[in-house]
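Asks: Chain by chain, the residues run as shown.
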Amino acid sequence: MAHDEGQQHPIKIYLWIWLLLFVVSFFSYMVDYLNIHGPMRPTLILIFMFVKAGFIIFIFMHMQWERLALKLAILGPPAAILVLIWLMALEGGYTEDTRVDYYGESTFEAQAPPHH
Amino acid sequence: MSEAVMDNVAEAPGMQGVAGDFSRDRQVFGVPWGKAMMWIFLLSDTFIFSCFLVSYMSVRISTTDPWPIPSEVFALSFGGDPIPLILIAIMTFILITSSGTMAMAVNMGYRKDKNKTFWLMVATALLGASFVGMQAFEWTKLIVDEGVRPWANPMGAAQFGSSFFMITGFHGMHVTAGVIYLLWVAIRVKKGVYERRGNNYEIVEIAGLYWHFVDLVWVFIFAFFYLW
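Quick note, the sequences are listed as chains A and B, same order.
Okay, so the first sequence: first residue is 1 according to my numbering, each after it adds one.
Okay, so the second sequence: first residue is 1 according to my numbering, each after it adds one.
Just so you know, these hints were derived from the structure itself, not from any lab.
Hints should not be assumed to be uniformly reliable.
Said to hold, decoys possible - Restricting the straight-line Cα-Cα distance to at most 30 angstroms, the calculated cross-link-like pairs of lysine-lysine (DSS-like) are:
#, chain 1, residue 1, chain 2, residue 2
1, A, LYS12, B, LYS112
2, B, LYS116, A, LYS12
3, A, LYS71, B, LYS112
4, B, LYS191, A, LYS12
5, B, LYS141, B, LYS191
6, B, LYS190, A, LYS12
7, A, LYS12, B, LYS114
As the list claims (entries may be wrong) - Restraint ranges, calculated between C-beta atoms of paired labels, are given here:
#, chain 1, residue 1, chain 2, residue 2, range
8, B, ASP113, A, PHE22, 23 to 33 angstroms
9, A, ILE81, B, VAL132, 24 to 34 angstroms
10, A, GLY93, B, ASP113, 50 to 60 angstroms
Everything numeric in this text was worked out from a predicted model, so none of it was measured.
For glycine and all other residues, C-beta sits at the position ideal for the given N, C-alpha and C.
Could you build all of it, start to finish, from the sequences and the hints given here?
Replies: Rendered as structure tokens:
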């Protein structure tokens, strides 16, 4: 079993993933820098986010080489968060609707920051 | 069932192996207990950060006031035109760099290279400390110059401040704790504590798991709070 010596892997893998993390981070910053808007913005943000998260979890945190039992025990439960996101998004939309219905549209006017 | 048969079940691929791992009446995950416990702690931490991010989503959806544009709020000028989100981008790169040095420290630990492990861990901690320093600068700029408070700000929805201070504050606290944890382990590496305990550097990987998790959380904060 590989576990007897712990998680020892070639340095090359780490250097590659390190480099890729830099590249993908640069891309995700470019989403903002190049002013990408519309449906492309959330799509790109999510893609780059999940790619980075995957590299970190599976390579740097060695999840790739752990037993399936550990993978399922740790990565399975967070799936419940998707339900929470769905419920709170519904709730948030409803709250906004009732606020507009009862208080009307926002009359907020942005001011210049005080010390500029 | 005999030991040999049980081992075969545990070594089986897919769900049969999982069933074997859970039913053979020994340690399940095939990792040292410290590592399993760190993973379980990180799982619980995942839920805490998720709660913060989901509540941020919830208040951002439900407010009728305009949400301040992070790209503009976090822009920074170096003499010329303000560059959008530049400080946050630098902080992101610093954290990724520190994740790389940490991964190398873990690797050097398993190669029993005491000196390199120590210095790579110190480098990781220093990068982490500089991240916290930049965050302190960012908070100061936001509070003093931009007038952002947890209950109000001049740019838009009041919930912006409370979400921002709660989420980045809790993350910054994790980074700070990580810096202390890493330095503590690094000093013990240097003193030869783990060398004397059967030359076992498993603890470096466990500390590394925590550090990579802090970087992982930042990936989500960067995507949802700063870019979205």
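Asks: Against each hint, give a clear statement of whether it holds in the structure.
Replies: Consistency of the hints with the structure:
no.	hint	in the structure
1	A:LYS12 / B:LYS112	holds, 18 angstroms
2	B:LYS116 / A:LYS12	holds, 17 angstroms
3	A:LYS71 / B:LYS112	holds, 27 angstroms
4	B:LYS191 / A:LYS12	holds, 29 angstroms
5	B:LYS141 / B:LYS191	violated, 41 angstroms
6	B:LYS190 / A:LYS12	holds, 26 angstroms
7	A:LYS12 / B:LYS114	holds, 20 angstroms
8	B:ASP113 / A:PHE22: 23 to 33 angstroms	holds, 25 angstroms
9	A:ILE81 / B:VAL132: 24 to 34 angstroms	holds, 27 angstroms
10	A:GLY93 / B:ASP113: 50 to 60 angstroms	holds, 55 angstroms
In the structure shown, a violation is registered for the earlier hint numbered 5 alone.
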